[in-house]
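Participant: Chain A is already provided as a structure; the job is to place chain B on it using the hints.
There are 2 protein chains.
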Amino acid sequence: MSTTTNHRIRLAARPHGVPVESDFLRDEAPLPAPGPGQALLRTLWISLDPYVRGRMSDAKSYAAPMEVGDVIVGGTVSEVVSAESDALSPGDIVLGYGGWQEYSVEDVSALRKLDPSAAPISTALGVLGMPGFTAYAGLTAIGKVRPGETLAVAAAAGPVGSAVAQIARLRGARAIGIAGGERKAAHLEALGLDAALDHRAPDLPGRLAAAAPDGIDVYFENVGGAVWDAVLPLLNEFARVPVCGLAANYNATSLPEGPDRSGALMGQILSKSLTVRGFIQREFAPTMFADFQREMSGWIASGQVLYTEDVTEGLDRAPETFVGMLRGDNLGKTLIKVA
Amino acid sequence: MSTTTNHRIRLAARPHGVPVESDFLRDEAPLPAPGPGQALLRTLWISLDPYVRGRMSDAKSYAAPMEVGDVIVGGTVSEVVSAESDALSPGDIVLGYGGWQEYSVEDVSALRKLDPSAAPISTALGVLGMPGFTAYAGLTAIGKVRPGETLAVAAAAGPVGSAVAQIARLRGARAIGIAGGERKAAHLEALGLDAALDHRAPDLPGRLAAAAPDGIDVYFENVGGAVWDAVLPLLNEFARVPVCGLAANYNATSLPEGPDRSGALMGQILSKSLTVRGFIQREFAPTMFADFQREMSGWIASGQVLYTEDVTEGLDRAPETFVGMLRGDNLGKTLIKVA
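Here the protein sequences come in this chain order: A and B.
Going by the UniProt record's numbering, the residue at position 84 of the first sequence is 84; the numbering climbs one at a time, nothing skipped.
Going by the UniProt record's numbering, the residue at position 243 of the second sequence is 243; the numbering climbs one at a time, nothing skipped.
Only chain A is shown next, with the shape it has when bound in the complex (with noise of 0.2 Å):
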């Protein structure tokens, strides 16, 4: 290993809506060293995230925002080049925080070994990371999806989508899947979703209608927008609204027009006695990573869950790929592979 530079990629200015390619800085930075109870480490994988979009934002949310010339973040699996610790060896395969550079150094006490052999390592950041427990822990803390049920989940073909529906499903409930587009919807039909609805299409509503004749028990909402004024009328007495992300509003720059139905929205809630609740899943993750990990991997080994990675290579093309991603280009996981 005889590098001595390390590719990075800073948040030059924050953006006002969609991103734009000046709103990133490429540089170069010598190679950082650990100090102790550190390890340096090569970036292999870093995943995009929607939610990075509302950190290069200064509005107040639940993690502070990214501070302009800070590497954009974003979780990572590295390899082990050094560590000043006895807890890891050069080789090891760690999952991270590492964000958008080829090499970080991290704690080792914030880092996670993956076992290479017991599945891709890539899926640490996908359908056995992060937003499988996601869909997870939404879906079993708030959702309490029962046998019977109706479920609909929007952005149904992105990594935390599809694992809600198919887990649904696993659960007996029925699962209607929303995406954008033909090739998203036709992906759904394929995981052996009960309905797959492409919200681009035209009467959304009325599709939607059609496919929960009992109407619907739980949201697992990670959109906004359209299709939420969708699924709102037909949402039953007692529904669920897990609220996981909201990704049709990351680049708004200011309030829709009116009228305003936020008045509205709390009388369908008093009226259909439902629950609304945010969450992040680390709110959850002493409880129930565990969990998750053993239900998960084995569903993924007897094939009942099935995940799609969107492999971008080469960290130069990171933000356009974010953009893509914000903009629902990607069918899965996204995923820069940098090394």
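Among these hints, one or two may not hold up.
Same chains, same names: a pair is fine if it fits in one copy or spans any two.
Claimed, not checked - With a cut-off of at most 20 Å between alpha-carbon atoms, the simulated EDC-like pairs for lysine to aspartate or glutamate come out as follows:
id : residue 1 : residue 2
1  : K144      : E295
2  : K337      : D92
3  : K272      : E283
4  : K144      : E283
5  : K272      : D58
6  : K337      : D316
7  : K144      : D194
8  : K113      : E79
9  : K113      : D291
10 : K337      : D115
11 : K337      : E79
12 : K337      : E28
Keep in mind the hints are simulated off the structure, nothing from the lab.
Facilitator: For chain B alone, kept in the frame of chain A given last:
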């Protein structure tokens, strides 16, 4: 009991906005006769409640709307005149749902016999009845208020809100009561709340922020509108919002002007991991009503929970009193004393 006439107040027309006199029809009918398993009841007290405004409209809600021509619905405390059942005797006092009339015939199985020596019988419509149980169940099952947390409640001088605030304090929380007008704010101070705010005075957001220096962990939603707008930015991560009523919206005839803030509301739910949960007390009655009666009876006997009744005499005055209650004229539980 020689009366043969039953004075009633019926729904003459569905109100458009604030109910007006012509929406109500006063009439007389022959005294109804009980069938097998039924009782003829003489109404003593009628409960006036905001939810009845919703049932005057034909919008879909948790309860079927009244039909034009129906006697206005409402909880009642009545005296048994005669019963085609061994379970009740003439002179017994019962809680029922007789509505706005002097006499009613009800199924004995739907009545609850009251013990007049245990508590004033009118409390079965207030602090020991549906409003008190609404407060108890919403706080216990959804609000889950913990010692050291901060709770806020609007319509805090009403029968639900004042019980919410007092129960929260008994459970070790700080309680901020919000109500309309100086008279009600003074009443909240007399109840010993930690802060009492008049939402009609200027700068509610600023005064609420000052009263909640550690943010708000539970907001018991009775009202909606400007109070909710002031509360939302102060909610802490993982805050819980039991949604029990939206009195500010009940007379609305159209959606308010934009911008549309419904997406921003969902964004707050997501970014702060909020729980927003609509409920009707009956959902929790099977599991919690017995505990409620035991605990609340004790708190009333010990003076740890105080309650206020706002009594108007005479069935004829029910419509004007109901409209006044929707306007916020009442202090405490609004009752019509019929006989």
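Participant: All hints are to be evaluated individually against the structure, with a verdict given for each.
Facilitator: Structure-based check of each hint:
no., hint, verdict
1, K144 to E295, "within (16 Å within a copy, 31 Å between copies)"
2, K337 to D92, "within (18 Å within a copy, 79 Å between copies)"
3, K272 to E283, "between (27 Å within a copy, 12 Å between copies)"
4, K144 to E283, "both (16 Å within a copy, 17 Å between copies)"
5, K272 to D58, "between (35 Å within a copy, 15 Å between copies)"
6, K337 to D316, "within (10 Å within a copy, 78 Å between copies)"
7, K144 to D194, "within (19 Å within a copy, 37 Å between copies)"
8, K113 to E79, "within (10 Å within a copy, 74 Å between copies)"
9, K113 to D291, "within (18 Å within a copy, 50 Å between copies)"
10, K337 to D115, "within (19 Å within a copy, 75 Å between copies)"
11, K337 to E79, "within (13 Å within a copy, 79 Å between copies)"
12, K337 to E28, "within (19 Å within a copy, 82 Å between copies)"
In this structure, none of the earlier numbered hints is contradicted; all agree with it.
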